[in-house]
Structures are given as C-alpha cells and as structure tokens.
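Engineer: Put the two chains together into one complex; each comes in its own frame, and the hints tell you how they fit.
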Amino acid sequence: MAHRHEVIVVGAGGAGLATALYAAREGADVAVVSKLYPTRSHTGAAQGGIGAALGNVEEDHWEWHMFDTVKGGDYLTDQDAAEVFAKEVIEAVIELEHMGLPFDRLPNGKIAQRRFGGHTKDWGKAPVHRAAHAADRTGHMILQTLYQQCVKHNITFYNEFHVTDVILVDGVARGLVAYELATGELHLFEAKAIVIASGGFGRIYKVTSNAYTLTGDLQAILYRKGLPLEDMEFYQFHPTGLFPLGILLTEGARGEGGILRNALGERFMERYAPTIKDLAPRDLVSRAMYLEVREGRGCGPKKDHVLLDLTHLPPEVIEKKLPDISEFSRIYLGVDPRKEPVPVMPTAHYAMGGIPTTLWGEVIRDEKNTVVPGLYAAGEAACVSLHGANRLGTNSLGDLVVFGRRAGIHAARFAKDQDYLELTEEHLGESRERIERIKNSTGKEKVAQLRAELQQSMMDHASVFRTGELLKKQVEVLKELMDRYQRIAIDDKGDAYNTELVEALELGYLLEVSEALVHSALNRTESRGAHAREDYPERDDQNWLKHTLAYKVGDGKVSFRYKPVVLGRFEPRARTY
Amino acid sequence: MQVTLKILRFDPAKDARPRWQTFQVEAEPWDRVLDLLHKVKGEQDGTLAFRRSCGHGICGSDAMLINGRNRLACKTLVKDLGSVITVEPIRGLPVEKDLIVDMEPFFAAYRAVKPFLINDEPPPERERLQSPQERERFDPGTKCILCAACTTSCPVFWTNGTYLGPAAIVQAHRFLFDSRDRGKRERFKALASASGVWRCRTAFNCTEACPREIPVTQLIEEVKREILFDRF
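Chains A and B, in that order, give the protein sequences. Take the first sequence: its position 371, counting from 1, is numbered 371 in the numbering used here, and each next residue is one higher. Take the second sequence: its position 221, counting from 1, is numbered 221 in the numbering used here, and each next residue is one higher.
Chain B extracted, bound-state conformation (with noise of 0.2 Å):
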C-alpha cells in the first residue's frame, strides 16, 4: 500500500521554524513506522535525523509525536494508522535537528530525585531478603525505558519546564517502595518542591502516553500519598 508520510522537519542551520514535508512511501500494513522512516532515510532524503537503536520498544530512542499521540516507532504498526501518517518531535523538549530533541532536561530531572538505591546498612554476605510481595509492591515501574513519551505528553510539563514530570516521579516511586531502599526523606525534598508531585493535575496523558503501560499516574497519585501521609 501506499503511504503517506508528513514529516514536520527542522534544520537549524536553514530553517527559522519547523516545516511539513511530504513522502510517498510504498509499504506493509505490518511495517513499524520506524521502517517508513528508514525507506525516507535510506532512497528518497538521507538528510532526515530521527534516533532509534533497538528497533524493538525497549531502549526508549524513537519516541516522537505520530498521528498526534506519543509512540515509540518501532512499536506502532501501519496498520493501526491509515495511509496518512503525521510524524512530529515529542513536545516540550528543545528540537535540535528534525524528529531529534534535547534530551538533557529531562535527565536533569531524572538525577534530581536520585535513582539510585540508597541504603548505607553494611549490606549482608548474601543478597538482602526481599518477599515476591515487596518485589512486586514496586514492578511497574521497573519497567521504565526513559523514552520521555509520558514526560514530553504531560500540559503542566509544556507549560513549566521546571516541573519534574512523569517519568523521574515514576523513578522516584521505583525508589521509595522498595523495601530495600532508606533515601525516602532525601527524595523528598525534590518531590515535594514548588516543582515536584504537586504540579500534577492527573490528566492521564502520561498513562495514555506509556509505551510500555505503566499505571503512571497511578504512581504519581501514590508518590503523592506517601508525601502526605509522612509521619516525620
């Protein structure tokens, strides 16, 4: 079948904005759209700059805007689109050459809420002990690619750059119930800032977003709780 491919491109060595470009792709209703992407790249316009690495939904590089939703484009088929297909950066993040965004703002936040495990106990000859319950209090969100697809979907992340965002909340609970972890004060006071959990307005674009359907704002709502209910 025959695709239609509209592109919204940039190149900030020629271009003042970003525009729309066009292609005619020949293609299978099987096809990825990260497969349309390197039929562009590879026979009609090697200028067009898009990062991918895995090609399988699991290293989080391909996340951009297709038929205004956020999707990694080697987990959305073509016949889950139609013959018209919109492919756009993810918003919110500074374009710097086509489909290709800064990423370091959101790694900013990501740092911000430390996620690492923090635990200073001398730790035990063995591994520490932890229940299939208490590992599964925490599972979701393990499964966190740091693609920035809920971040980049979230209005209040749009609006207020400064606001953590979805994804390092996320990383944050990932931390904050594992019942190995001690650092739950020191996340705080990044959590709990004028840009931390309270900023969320609970649109659900970030769940909506997950390409891995992670509960996120789920986990936001109980990163929340676990604030507010803080005996210190």
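Same shape as in the complex, but just chain A (with noise of 0.2 Å):
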C-alpha cells in the first residue's frame, strides 16, 4: 500500500511530535510513523526537567547556559549550536507553557526551576536553578502536551508501523518503507522531506535505563546506506541508575540536595568535584562512583554499588518534587527513600552521538557538510553536535523542542518547492528480503541470546572505562555475533502482531550502532567527557578537538573521517568543577 505526505516524520517521541507540530504550523501535510502507540516513546520517561535561562528563581543569562553546555561537553559541543540552543530554548519552554504544559509554579505563578548537574552561574561559580520541572515527569508532560497539539492540528498517525528502509534516489530523500506491526504488510510512504526522529539505542547495554523498543533502528539503516555517524564513541551513563535494575532515578534527586555516599559514609563527590560536588556532570559523576566501588568503598555484601541519600531532605520535598522515582524505589527494591539511601549504579543513558546534521537538523554526508537533500535528524537520534562528549542533564528535552521545531519548520518550507517522486513495488524489495531471510531461516540461533551476549559484552568492554585492549576484543565479539546473526531463526512465521520478527530487525541494528561505537571508541586515543580511555586519560586538543564520522565499509570494517569543532566564545580550558 502507498501513502503520500509532504512531510514523514519518523518517531512519536518529543523531537518526532515537535517536528510534526511545528511543520504542520508552517502549513505542510504531516504524517508521523511510529512503531509504538502514541504518547509510549521514551521521551516521556525523563524526569528531572527542562534547563533555560528563564532566570524565574535567580538571576541567569543564556550565555551561563551556553557556557556551561560547552565546558559540560567537554568543549566538543559546536558552539553555533549551543548558541542557538541557550537562545531558543528560553523561547521553547515558554511556547510549550502557553501550549498547556503543566510546569510547577512558583508562589508568584511563574515557572519553577531547579538545580542540575553542570547548569551553573557566573561561569561555573556555583550550581543554578535552570531546570523548568514538572514534579518529576517532566519529559512525560511534554509528550503528552506534544501529542495533545498534534491531536488539536490533525496530524495524520500510523501507529505501529516499523520502518525498514529510507529510499534516496540519486543522494535526494525520497521515501520510506514500513512494516505494519498488525498486518505484516509492508508499506511505502512517498514524501518530500523526511525527518528521523527515532530516539536513541540504550539497548545495546545490559544496564540501561532505556525502553526495552530503543534499538537505533534508523541509525543503523542509514549507516548501512553508506551515509556516516557522527562521535559514537561519546555515550553517556547516567551516575544513578536504580541498582541493579538500571531504572533512572533523575539527576533532579542530587538537585534538590540528595547525596551520594560511599560505603564509608563519605560524601566522596567531595573530593572529585570540590565546587559543585554531587551536581558535577554526569561523566565525572559516573567514573567517581565506579572508582570509588573499584577501591574497595563500594556498599552492600559485594561492594559494588554506591548509595544516594535523601533521608535528610524533608518529607513533602521527596513527596512532591519526586514522586515517581520514591515510587520506583519503593517497588521495584522495597526501599522507602524517605528513610533509608537508595541503591544506585551508573546506567546506559543517552547517545551523544548520531547523525550529523546543521543547524536546521538537515542530514550532512561528510566532514563537508554537504546535505543530503530532503532528509532531516532531531533528536537523540541526530547529532548536531549539542551536546559534545558529554551532556548535561535536561538538555536532552531543550534539544528536541529546540531542533524539533527547526527541522520540522525547515522540511515543510523545503517540501513546498518539491515533486513528490513515484515510487514502484521494487523498492520494497530489499526491506522484503531481510524479513523474508529472516521468517524462512532455518539456523538455530536465537535473538534473545544473542541480545543477551551483545549487551552483556557491551557492558564488559565498551562503558563507562574502556581500553584499547578492551576495545579490540569486542571488535572480535561483534564480528562473531553478526557472523551468527546471518543464522538467526525466529519461531513465529506468522503475520499478524509479529513482534518476534521485529526483536530480529532490532537485533541487526543493535549490532550495526555497536560496531560504529566500538570501533570510534577504540579509534579515539585520548579522554574526554564520556569517552574514558584508561590507556590515554588525558584529553589531548592537539590531535583530536574534532568530530568523528564513522562510515561502515562492510565485512565488519569501519572506516572514519574528522570534522572540525566549530569553536568561538569559549576557548576550550581544563575542565576543573
């Protein structure tokens, strides 16, 4: 079946439904693919808030933002686009208040904001309150109020459609193919622009606090296509991650004055981040809490976690500002954080990396970047470079509002001078065969092992410390496991809900954003921000203040070129908090 729409967006998550919302405005005929239900993507599982300089509780300035943004990133972040971003997000938080966005308030009605880790004031002099919160489902509210305008604009849904493949014609973005999950059919969406805004790939780890759907589906398939991902090896763990679960607990917790304690009952962020402490980033939050296990202070009879203590924050503090995460503790491990310290870990968080694209979220090719016409990226899933080697919290959902709404008003002004192309049967083709490869085959291996091995490997050789000897095994790991993913068998041959069918596909593209993250990993010889290399601990500018794209060449070789980091009103400096 075929369907036409001037703009296809890709994902129903907060970058997906500000995108769609914001094309619409601008008077485009929207669609949305999504292979979840509307309001189920993950967006909605963030907690902490929302950072911008509205200055609501103390005085603060978009250049603070900006600075902060750069120096959190380990001064990767491009400054145009932390420029930009500072700016707009003050204007973004506002238009999602007048959009319905149930924020907390203030006692003089205006929007509540609280501290986080790396949002300081008076560059870095001490924490400020930047992050515009809703209790502690932020990024849930604005998912629904996203879906809830995009239900006011009719914007057209196709719930559950899988997408399999991005057609190009000619390096122009031309159309998608999509798996309907209720059918088994497959679909082709004719459209003028395109934008991926499919969120992250958390699932490559064992420990993550990602949905069990995050799988790098439309990373994987463009990086597949030949076009480049841009500084994999940058992946963020988040410092506390509900121990041995992985379910965040937000960074919201440490802002309104939770602390992390050693099995000494030491307040360890002490010594590693004298100014700010325990509202240090989260890189260095997370290197301190696996040390501090490594030397022997870990808690618990195998010493290998840590624990965030909010027994002294008064009671109505933990009922109100965090419900949620009270909840989470309470069930998932028995624990009242009112009155005992929450277990935690780091936990597989969020992809710096992705696909590169300007500011205007158009797809580039190369170190170049020349664009490749009609195809857009916002979001976790695009890469613009923001949040550099390291993000800072809550600027994951100033980002998709931000560069949602700039891909979304930039494709539906480029579409309106478009043709759409006519597409035939053939390019099913290829999306048909690998579902077909896959329902007839006759091996014996099995996607959840297989699953299994990849994340447990992934955690072993590519976190939070990684080596090149580590590193270079799990080249060896990768290649092995997709050799064995060419005799993946499913059970189910059937059509309808094959959900099966679709862990198989997202098994292969766990696998693709795997080898690009290792293999940028292991190329990278220095540290900075999340990217720990135990064998090269310094950063080193000289050599390596520049972008990573990463290109699959096939046979599981990868091969890279260098993009230069767009510098400007911050020299990169010691990263010192």
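By construction, these hints were calculated from the structure, which means they are not laboratory data. Virtual Cβ for every residue (Gly too), placed ideally from N, Cα, C. There could be a bad hint or two in this list.
Label pairs and their calculated CB-CB ranges [what the hints assert, rightly or not]: (1) A/Gln486 - B/Arg111: 37 to 47 Å; (2) A/Arg432 - B/Pro124: 46 to 56 Å; (3) A/Gly257 - B/Arg185: 38 to 48 Å; (4) B/Pro124 - A/Arg25: 11 to 21 Å; (5) A/Gly27 - B/Asp120: 15 to 25 Å; (6) B/Arg17 - A/Asn440: 25 to 35 Å; (7) A/Glu58 - B/Arg111: 39 to 49 Å; (8) B/Asp120 - A/Lys493: 45 to 55 Å; (9) B/Arg126 - A/Ala574: 35 to 45 Å; (10) B/Asp80 - A/Pro323: 13 to 23 Å; (11) B/Trp20 - A/Lys493: 15 to 25 Å; (12) A/Gly27 - B/Thr4: 54 to 64 Å.
Structural biologist: Take a look at the structure:
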C-alpha cells in the first residue's frame, strides 16, 4: 500500500512530535510513523526538567547556559549549536507553557526551576536553578502536551509501523518503507521531506535506563546505506540508575539536595568536584562512582554499588517533587527513600552521537557538511552537535524542542518547492528480502540469546571506562555475533503482530550501532567527556579536538573522516568543577 | 522459584477463540511479570505477542489482566502474586493477538473530549501565570499514562462500547480545572452526551485499576458536578 505526505516524521517521541507540530504550523501535510502507540515513546521517561535561562528563581543568562553546555561537553560541543540552543530554549519553554504544559509553579505564578548537574551561574562558580520542571515527570508532560497539540492539528499518525528502509534516489530522500505490525504488510511512503526522530539505542547495553524499544533502528539503516554516524564513541552513563535494574532516578534528586555516599558514609564527590560536588556533570560522577567501587568502598554484601541519600530532605520535598522515583524505589527494591538511602550505579542513558546534521536538522553526508536533500534528523537520533562529549542533564528535552522545531520548519519549507517522486514496488524489495530471510531461516541462533550476549559484552568492554585491549576484544565479539546473526531463526512465521520478527530486525540494528560505537571508541586515543580511555587518560586537543564521522565499509570494517569542532566564544580550557 | 504462568493465547490466523496455555518459568520474587513474559518469549515460545516499551510503569504499553486485575506487567512483581500467575488481555477492546488489543476505540474516546488546552486569548510574552494552588487543582489527571487499565476495568465500558470511559474523562478533568483553559463548554458536548459521564455507575473499578494511583472515580464525580452546577 502506498501513502503520500509532504513531510513524514519517523518517531513519535518529543523530537518527532515537535517536528510534526511545527511542520504542520508551516502549512505542510504531515504524517508521523512510529513503531509504538503515541505517548509511549521514551521522552515520557525523562524526569527532572528542561533547562532554560528563564531566571525565575535567581539571576541567569543564556550565555551562562551556553558556557555550561560547551564546558559540560568537554569542548567538543559545536558552539554555534550551543548558542542557538541556549537562546531558543527559553522561547521553547514559554511556548510549551502556552500549549498547556503543567509546569510546577513558584508562589508568584511563574514556572518553577531547580538545580541540575553542570548548570552553574557566573561561569561555573555555583549551581543555579535552571531546570523548569513538572514534578519528576517533566518528559511525560512534554510528550503528552506535544501529542495533545498534534491531535488538535489533526496530524496523521501511522501507529505501530516499523520503518525498515529509507529510500534515497540519486542522493535525495524520497520515501520510506515500513512494516505494519498489525498485518505484516509492507507500506511504501512517498514524501518530499523525511525527518528521523527515532531516539537512541541504550539497549546495546545490559544495564540501561532506556526502553526495550530503543534500538537505534534509523541510525543503523542510514549507516548501512553509507551515510556516516558522528561521535558514536560518546555514550553517556547516568550516575543514578536504580541498582541493579538501571531504572533512572533523576539527577533532580541531587538538585533537591540528595547526596551520594560510599560504604564509609563519605560524601565522596567532595574529592572529585570540590566546587559543585554531587551536581558535577554525569561523566565525572559516573567515573567517580566506579572508582569508589573499584577501590573497595562500594556498599552492600558485594561492595558493588553506592548510595543516594535523601533521608535528610523534608519528607514533603520527596513526596511533592520526587514522587515517581520514590515509587520506583519502593516497588522495585522495597526501599523507602524517606527513611533509607537508595542503592544506585551508573546506567546507560544517552547517545551524544548519531546522525550528523546542520543547525536546521539537515542530514549531512561528509566532513564538508554536504547536505542530503530532503533528509532531516532531530532529537537523540541526531548529532548537531549540541552535547559534544557529554550532555548536561535537562539539555535533551531542550534539544528535542529546539531542534525538532527547527527541523520541522525547515522540512516544511523545503517540501513546498519539491515534487513527489513516483516510487514503485521495487523499493520494497530490500525490506521484503530481509524479512523473508529471517522468517525462512533454518538456523539455530535465537534473538534473545544473541541480544543478551551483545548487551553483556558491551557492558564489559565498552562502558564507562575503556581500554584499547578491551575495545579490540569487543571488535572480535561483534564480528562473531554478526556472523551468528546471519543464522538467526524465529518461531513466529505469522503476519499479525509478529513481534518476534521485529525483535530480530532490532537486533540487527543494535549490532550495527555497536559496531560504529566500538570502532569509534577504539579509534579515539584520548579521554574526553564520556569517553574515558584508561590507556589514554588525558584530553588531547592537539589531535582530537574534532568530530568523528564513522562510515561502514562492509565486512566488519569502519572508516573515519573528521569534522572540525565549531569554536567561538569559549576557548577550550581544563575542565574542573 | 518455579512459577506456573497461564497465558490466554489467541492467534487470529489459527484460533477461532482464545485458549489457555501454561508455561513453567524459573523466577525470582523480585522479578516483574514482564520479565517472565520475556523469558517465555525468548526461551520457550517466540510467537507470544505482547506490548511493552519502557519497562518501569511510565509508558503504559503493557497493561494486562494479571491474576484477574488490570495492572502493568512491568510494575507487578512475582512476590506479590504467588506461584501461579494468570495473564489475559485487558477487557472490552478487540483482541488482535495474544495480549495485544486494538487501542483505537480507546484513543477515539480520548480525542472526543478535546484533550488539549483551549485558549484563544493572545498569549503573553512570558508564561501565563498560575498559582501553585491552581496548578495543584488538576495535578492528579496529569499523571495519566493512557494505559487503558481504568477504562477496560469499567463494567459500563464492557457492556456499552460507546461510553467515553474513565481515562477520557480524566483527560477532560485535567483541562476543565486548569485555570488557563477556556474550553469548558466545548468539552461538555461530549462529556454531557448520552455516552458521557452520566453513564458512570461509580463502581470504583477504575480507581482500583489505576497503576498511577489516580483517584479516577473522584475525578469523574468532580466532572459530573461541574456539568451539573454550570451556569449557562
């Protein structure tokens, strides 16, 4: 079956819905294709807030926000992106409020703001109240509000459609192929512009805050087609994952005054970040936690985690401002955070890297910023690069509204001057072949088994700390897993809701993005932000103040090109907190 | 521990009606029901179909009938259920395969109440002000994750498929009591209609079923009162 829409957005999370909304406001005919039902995308799990220099609680400036973002990204952040972002996120938050988003309020009626890791006043002197929040379900509220607006604007949704291919004709994006879960039918979508907003890929790791559905589908599909993935080596671990599950406990808990403690009861962050302590950026805190455990000061019988202590906070602060994380802790661990500290360890959380784009979300194919006409990306799937080597908390929600909006507006305007290209059944071929191969396979390999091996090995060899030796080992593991993936077989041969087939496709994507990540990490011989090489512990601006573009060249090989970091207002300096 | 998992299966290509199938699964007391379903799917029978996404009670994908009650599989632990666990699809929506139901009627009801802020007054340059008390007034409804556990536990919804159902009314409540909203009368069209709030028989099933502890019945009553005492 064929469909036609001027702008087609892949993904119905915050970035996808923001894109769709602003494209529709520009007058475009917009459709959203999502493998989930609406409001089930992972933006809904974001808890703590959206950072914007509103200055509602204390003095703040967009320049401070920009500085924090650049420094937080260990100077790999493109400063033009950070500037656009820090300015426009203020307007974006106000617009969300006008759309009805139920932010928490100050007594004077303005939007309430709390502290968050790495956000400071006066160029790093002290933490600042910058994160606008709605209890500890800010992402949920953003997702709901944007979906509500999409309903208001009658935007077309294709729910539970799994995109299997992006059609590029002569280097121009022309359409999509998607597999309808309910029927097993392949659909052809003709578009004048396509926006990829399909989210991250935390499921490459065993311990992750990410949804089961975050499998890097579109990153992998573009990577297979010879387009690059940028800065994949920078993968963020969020310090406070509920141990051992990895469910996220917001950094807002530390913003409200929560403290990390080791087995001796020490507030160990005083040693690692004397100025802002527990509110240091995530890469620093995650590494500090691992070091405490490694040096024998971990908690519990196995000394394998640390504690997040909220017991000194007034119980009403926990109940009013952190209700959801308290509930997680009670349900999944039987721990009441009002009375006892909560076991935590870092959890795989956010891909700083992804599909490279311009400031308007246009996908680029090389280090010269050559645009792929008609193709856009926004949100976690994309890399503009706002987050550089390490994203500050709350900047993901800001990213998806600011750059989702820009992508939506640009895509709609681009589409106006384009004609549709008549696509044929032929364009379904590659997807059909891939699906038939999995369905008809007589192999013995199982999806769940291979996925578990991938997730464990990525955890062991390519997580918070890396070494050349471990990464080389993982290159070999990935080769073997990819080989075994060719012999994957599934039980379900049916057409209706063949979720096993979808999981098999997703496993393929997980393997591809893991490949890009591990090779990029092995290639970068320095430590910067979330990429901590124990064999190269220093940041090396001389050689590595540049973005990685990883290209698949087949047969388990990856080639690299480099893009200069856009500098400007802030010279790279040593990063201390 | 060994757990007996009884799942109501239905494959539209093979089954005329749903059938029970039993699996033995090794489980820990702190495992989620979702973990058991993944074990069955990954190790015993890949054809088992169910929805899930976030895995910790935020996305609302995996609402199902577990030991006779509507719950989220990712928020329900083995230790609270015992060694025999039954799992069925939520009731009142057409079953498409195994634990997957057609959500379209549910979302149609959602759309009918105009679930978006209605206010045509030109917005100020900065935020519209709202006191913490005004914000608190509609807080419960903002927790709703649209999982359908409430609506599909409602006996009126089972017998009358046109009833808007608790979830849609909760969404309406969220806007009716928002000091910024001006869409009251527009929403009343659906809410005060024959399929609206007056169908509610105050059975409290919805409140018991809500995995987010929203006082659903109370919110429905507040909407009824708002319609009743509205002065035209």
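Engineer: Would you mind marking each hint as holding or not holding in the structure?
Structural biologist: Status of the hints after comparison with the structure:
1. A/Gln486 - B/Arg111: 37 to 47 Å: Distance hint for A/Gln486, B/Arg111 holds at roughly 45 Å.
2. A/Arg432 - B/Pro124: 46 to 56 Å: holds, 54 Å
3. A/Gly257 - B/Arg185: 38 to 48 Å: holds, 45 Å
4. B/Pro124 - A/Arg25: 11 to 21 Å: The hint (11 to 21 Å, Cβ to Cβ) holds, given that B/Pro124 and A/Arg25 are roughly 20 Å apart.
5. A/Gly27 - B/Asp120: 15 to 25 Å: For A/Gly27 and B/Asp120 the Cβ distance comes to about 20 Å; the hint holds.
6. B/Arg17 - A/Asn440: 25 to 35 Å: Because 30 Å falls inside the window, the suggested range holds.
7. A/Glu58 - B/Arg111: 39 to 49 Å: The hinted range 39 to 49 Å holds for A/Glu58 and B/Arg111, with Cβ atoms some 41 Å apart.
8. B/Asp120 - A/Lys493: 45 to 55 Å: holds, 54 Å
9. B/Arg126 - A/Ala574: 35 to 45 Å: holds, 38 Å
10. B/Asp80 - A/Pro323: 13 to 23 Å: holds, 21 Å
11. B/Trp20 - A/Lys493: 15 to 25 Å: This hint holds: roughly 22 Å between Cβ atoms.
12. A/Gly27 - B/Thr4: 54 to 64 Å: holds, 58 Å
When the structure is compared with the earlier hints, no violation turns up for any of them.
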